[in-house]
Structures are given as structure tokens and as C-alpha cells.
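Participant: Going line by line, the protein sequences match chains A and B. Per this note's numbering, the very first residue in the first sequence carries number 1; after that it's consecutive. Per this note's numbering, the very first residue in the second sequence carries number 1; after that it's consecutive.
By construction, these hints were calculated from the structure, which means they are not laboratory data. Among the hints, erroneous ones may be present.
Identical copies go unnamed one by one, so any copy, or any two together, can satisfy a pair.
[Stated by the list, open to error] In silico SDA-like pairs for lysine to any residue, Cα to Cα no more than 20 Å straight-line:
no., residue 1, residue 2
1, Lys-214, Ala-434
2, Lys-342, Ile-233
3, Lys-214, Gly-239
4, Lys-289, Asp-154
5, Lys-342, Pro-255
2 protein chains.
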Amino acid sequence: MSLITAVEVVDVRFPTSLTMDGSDAMNKDGDYSAAYVILRTDEPGLNGYGFTFTIGRGNDICVLAAQQRALPLIGRDVAEIVGDIGGLYRELKSDSQLRWLGPEKGVEHLAMAAVMNAVWDLAARRAGKPLWRLLVDMTSEELVDVADLTYLSDALTRDEAIALLEQLVPTRSDRIAELAETGYPCYTTSAGWLGYSDDKLRRLCQEAVDAGYKHIKLKVGANRSDDIRRLGIAREVIGYDTNLMIDANQVWDVPEAIEWVSALAEFKPLWIEEPTSPDDVLGHAAVRKAVAPIGVATGEHGMNRVLFKQMFQAEAIDYCQLDAARLASINEILAVFLMAKKFGVPVCPHAGGVGLCELVQHLSIVDYVAVSGTLENRVTEYVDHLHEHFVDPCVVENGAYVLPTQPGYSAEMLESTLEEFGFPDGTYWAASRADVVASLG
Amino acid sequence: MSLITAVEVVDVRFPTSLTMDGSDAMNKDGDYSAAYVILRTDEPGLNGYGFTFTIGRGNDICVLAAQQRALPLIGRDVAEIVGDIGGLYRELKSDSQLRWLGPEKGVEHLAMAAVMNAVWDLAARRAGKPLWRLLVDMTSEELVDVADLTYLSDALTRDEAIALLEQLVPTRSDRIAELAETGYPCYTTSAGWLGYSDDKLRRLCQEAVDAGYKHIKLKVGANRSDDIRRLGIAREVIGYDTNLMIDANQVWDVPEAIEWVSALAEFKPLWIEEPTSPDDVLGHAAVRKAVAPIGVATGEHGMNRVLFKQMFQAEAIDYCQLDAARLASINEILAVFLMAKKFGVPVCPHAGGVGLCELVQHLSIVDYVAVSGTLENRVTEYVDHLHEHFVDPCVVENGAYVLPTQPGYSAEMLESTLEEFGFPDGTYWAASRADVVASLG
């Protein structure tokens, strides 16, 4: 019997604000960060790694929340935990005192994601499988048992969920074989951050097309004439055979979103992402109705499955961009996959940040193989940043994620990264403070 | 010129789980707590006090978040800050790195509430007025300038908001005079906590009627036959001239809520409170349609103004129960008051907990005097717990809050309370740990 002997949560921060990587109309100076959870066991070589993603300040708050949320794991039997992850998830989320701080949203939910991501990583490592394989090897009942269907029965019952999955069981292996050939299609956001110059934008658009991407995304929403100029440059470079998406990062009220997006319609964007508050189901529905055929996409700030349920019920979105570190891990993401299947909405997960690409490749494989059964209108985000910090980084070839093969959820960071970018005492941050002190004389 | 010289945030926890005060179907063992903010100034006798409310574990997370959120206040000119609270609110909430952790929900939003509540307390103390008076002395434009209307313009524009307020300006003084006579009507939840015995329930219902309450609320949702028995006891004691409300604290899915509430319809509850997830706008709308004429109430977990906007737009609720420590202070609450006025939904604020009654009395006065202009279907929660810890506790007479007269937001706690119930080093908690150690031999 092996036991979980310790939980460590590390505050890891990268100084991305220095290069304007990740800059958009709402987030001008993010330092990409992770509240990084390590579940240590007494079985040699067996640990679980997981994280949630933040953009700097407040990462320590998530660290504290993850430490507290993970407390019940210490001393527990690994076999018992990985044998009933649905039960563990319900146990951790049912802490009624912590529930008050959400429920199921904000810091506490980010922390729950970090902890449960590590549990899933542990389960996959113990099984000797990449996470996607662990999941697609489960029966329909097993998948539905780990999915959190609480508050969803008006949209999807347990029986419906099982029936949806059962349809696709006979053909799962075909889709695995297909993905092993082609990979899962992705698009790049690396080209279009708002802080980049026109020349850099032009160059990166060309590089993206050359690298085989069929979808390219640009940030918009800070200045309308800048948007028109930048979209013009992008279309000039990529033409109209490559899809162009735009992302406003929540800067508009609903009427403003409709007006601004309409002014960009000539560039034929495939979707407008985050046109307004991520909480505004009815607002997204109004925008969608007004800007069609431009699609509406949102989800990276989608706080929980209850929000997504309503997005589907209200026909508010064309693309569901759930986030692997904001939803409370596979347990909640499976529920959203199942609802998306029922309501016919493609899931195109959010990625980028720190390690989100490493996670979402597993998710999109599971979605295709076990839940959606189609690649139509599906494309998963990819951003070429910070992969060098991961032990098993994702690999993108010809605009597609290559299937991960190593056991786990690809979430483990390098020891050297923790030593350098641990906050505030990692070597990078210590040196940075020393520089400030020196500059003050 | 006086400056803010320091921000202290104290973790205060009361061991309410020992007596089952506050027990309901979701929250079985809360230790009522506050992340308590003190803004110290260099003007003798002038500080600002505010807090957010939690039910125990995780209060330290809110403390940390409030400390960080309040950092920009240190060293600032008090006159400048209280002269433009709308500007300060926008400044604090625009921290894009912290925004990622919400946005505007969960721990970060609770912390924002704690900090801004203290700023409003400071402003009222500096003006030498109770907070309600500070607000009703403001012009319509001044009130709208401090209200956060972001993401709301599809439901309420600035011009509409001003027009709504202007209608009532000529009669504000009449309503102040009326409230000075009668107080603001309240109801009690003290009778109906789930952990109380039938005898205690019967006795407390009688006491509530004797004390002049016209509304009494019971917790439901743990066990249907218990609910039927307890509602029977309550109706036996209070009859049908007193209103009876029921509160499920989010334990049901939507179909279950409809079925369960229908089974309690014979007791003619005025409203069912929190029938399902607090995030589920469309779910509340479905429940409301199905259980009419029983009203639907929610809001104590209503995370922000965007949620309330949708509750109004979808005609999802009959009563809006906003929370003074979950919404980001007056700035956001005024926006919800204004929308509620436009959509014709009465606001019946949530209270209880630690000090929420002290806050909401001010809010309800402002709502009546400046925004709603009516008391019809309005009643504000009152729970008779923990008032002894406040310097200026609320006073309830004949089922109504008596108008507060001391300067401030009534949020200041006694020094002796902080010494006793500060966590983990206050005298109560230190002794409690010593008892545990002793019992272990």
C-alpha cells in the first residue's frame, strides 16, 4: 500500500510582462504564474503534479487556498483515491466552510482545479498511461461517475449522459488511430498580442501560415482604428483561406460589443471571443444574435459548469472555450463536454498561459475519442510560450497537437524551473530584487 | 491634510458551530467569521472599519486577499479618497493581475467588499454622519457616479439611472421622517435553523410573533418529512396572518426544487429562498414559473451585479437578497438597487452572520429613501446573533430596524472582541487549543 505523504504547493511566476507576451485589451502586464501542486507518495518515483494558472499578483492566495483544499489528502491510500476520484472530488468540494467563499468560483475553484489536476496526474502515472488514455479506457458508466452532474439535471441526466457516450464506444479506437496519424488540430494566438508592433504582427502571421496553421487569432478592443489596421495586415498576409479569430478579453458592454464587432465584420472573423463579461449569459446571447454569422466564443473565464449549462441553454455561444485550470479538473470538464455534445456546441479549449497547452491536448483527445466524435469546427488553442519549463512538453506539428505518450497529465515542471522562478525566493526573483536595490544606489 | 497610515486586516472567528446557530441544509457547522479591515489615519480618532463575512475555514484567505487589495490605500490623502470613492473603487478593481482570479467573484470580490466597506465607513465618519445619511444627502448624479454600471448598459443606462433617482428627490425627506418614526421592517431567521429541536422551534416562533415580527423564516431541504413537520409546527404557532418563508440553501437541482417546493405548498410560504445553485439564472426562472404563487428569492451568494442584471432580465426572482459583504460595497450595491427599481423587483437584503445586520440597515434606508420609494413587499433580514461585539450595534424594535444615528457604517467591532476571537491567537482560541491539548493527556 502506498500513501500520500505530503502536499507541497509552489508559487511559480514568470516575468512575461517584460516582453508584452500575453498582452491584451484587459490584461496589459501579466506575469504568467502557476500555483503548482505536488502530491508526494511513499512509492519511489510516484508523485502527482497539477496546477492552476494565474497572471501574477494573487498567485500566493491560490497557493494558500490549494494548501488548505489538499489537506484531507495527506496520509491517504493512493489506491483508494485513484480508485474513486469522483468520491474524492465530492469530498473535497463539500467542505461547507470553504464553499461559502465561492461557491465553486474564483480563488477557491482555481485551487480545487490545481489539487484535482494533481490527483488526475497521479492516477494516470500510477496506471502508467497518459491521462487521455486513462480516460478513454474507462467505460461510459465510469466516465459519468467521475463527472460532476450536480445542478445539471434540467439540462442533462445521468442516463442521457451514458447514452451519449455509449453511441461512440464502438468507434473509439478508430478515432485514436486517426489522431495518432494527424494529431488534434490547433490554432495559434502567439501572433496577435496587442503589445506587438505591426512589423512583428506581419512576420508572426506569415510564420503561422508557414507552420501549417489554418486558424490565427488577434487581440482587439483597445482602439478601433488600430483594430481595423491590424486586421487588414493580418488578412493581407494570410488571405481568406485561413480563418481569422478576434478576442476582446471582456472590454465591452453588450451594446458596445455589437457595434464594435459589426465595424470589424468586413474582415470576416470566424469568431469574436470574450465580447463582454464572462458571467453574462444573456449578454452573450444578445451579441450572438446581433453579429451572426460571426460566431461568439467564450469560456476561459467561465467559472463553472452551471455557467456553461446556461450558455448552452440560452444558445449564447458558438464555441465553448473551457479552461483546464479554472474548471475543477476532469470531473467538471467531463460534465461540460457532455452538455456541449447534447447541445451541439463545439469545445475549443482555451490554452496558453503556463502549461495550459500541456493539459488541453489531453482534454481535446478525450472529447473527440469519447464524447463529441467529430473534429468539425473544433480547434484547440496553442501558444508557443514557456513549454521549455515542462518535463513532457506538448509537441505541435503541422498545426496539430501530437498525441502525448508519457504517463500522466504532462503537468510536471522541471526542478530547475522551480529553483529559478519560485516566488519570491527563486534565483530569478532574488536577482531581480538585488538589481532594484542596486539601482537605488 | 490627513493620511491613511496603515491597513490592518484581522481574522476574527466565533465558535458558532458549537450551538448550531446558523445551521442549514448546506452549511452544517459554520464558525461565523469576518475578515475585518481597519484603515488607520493620522487624524486622531479617525479610522475606517469594514469587513467581509465568511463561515470559518478560508477566512485567512480573505484576510490575505484584503491585505493585498488595500495596499494602494497606504499613504493616501483621506480627503482625496472620500472625495472620489467611485474613482478609488475603479482603481482598486482594475488591478488586471488580481482580476484574473475572478473576475469580480469569490475570494477576491469578498476582499474588495471588505476594503471598500471600510472606505465607506471612513467617509461617513469623516463627514460625521451615519452612512445612510451620507448617501441620501448626495445628489442623483453623485450617487450614479459612485455606482458601478460597467457591463450593465443593456439593462440600465446612466441617464436612466439619474432619471429614476430624480423622481424621488423631492420626497426623500418625507421618507426619512417616516423611517425615523417606524424604522425599516425586518424579519427574523433566528427561529428556524435546521439544527434546532421542535420544542426550540415552537418556542422561538412564539417569541418572534410576540416581538412583533410579521415574517418568519425556516430552513428546509435536508429531509422532506422533517420539513413538513416543522412547517406544520410553525404555522400552528404563527397562524396565517404572519408570513412564513422557507430557505433551502442551494441543496436542490432545478427539477428537485420544483417537486420539493410543490410538496410544501400547502403551508403557503411567501418565498422559497436559494432553491438551487446561486449562479443559475435560467434555473431560478424555471423554478419561479413552476412554483408560483410561491415567490423565488435569492442573492446572498449572488456574486456580482452582472448576475443580478440577468436575474432581473430573465424574470427569475421575486425578491433580491443582495449581500452587503459579498457585493463590492455601496458602489456595486447601488447599481443593483437601481436595476431592481427599473425591473420592479423588491430588494430584501440578506443579513445575519457577523455584522451583516449592522450594514444592511443602512442599505435598506438608502434604498427606500433614494431609490425604491416604497416599502411594499420589502422586509430586511434580521438575526439576533453576535451584535454584542459591535460598538454601534443595530437596534430592532417592533419588528423594525431603528435608524442608526452614530457616524459611520456601524461596522466597528469592540477591541475586546478582537482580543478574544482573533484567530488563531485570541484568548478564546488559545484556550480552546489548550483544552484540546489537555484532553489528549
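Participant: All hints are to be evaluated individually against the structure, with a verdict given for each.
Facilitator: Hints, one by one, checked against the model:
In this assembly of identical chains, Lys-214 and Ala-434 lie within 20 Å of each other by CA distance neither inside one copy nor across copies; the values are 45 Å within and 66 Å between. With identical chains, the CA atoms of Lys-342 and Ile-233 are never at most 20 Å apart, being 39 Å at best within one copy and 45 Å at best between copies. For the homomeric pair Lys-214 and Gly-239, the shortest alpha-carbon distance inside one copy (11 Å) is at most 20 Å, but the shortest distance between copies (70 Å) is not. When the C-alpha separation of Lys-289 and Asp-154 is checked against a cutoff of 20 Å, the pair qualifies only between copies, where the shortest distance is 14 Å, while the shortest distance within a copy is 24 Å.
In this assembly of identical chains, the alpha carbons of Lys-342 and Pro-255 lie at most 20 Å apart only when taken from different copies (18 Å versus 30 Å within one copy).
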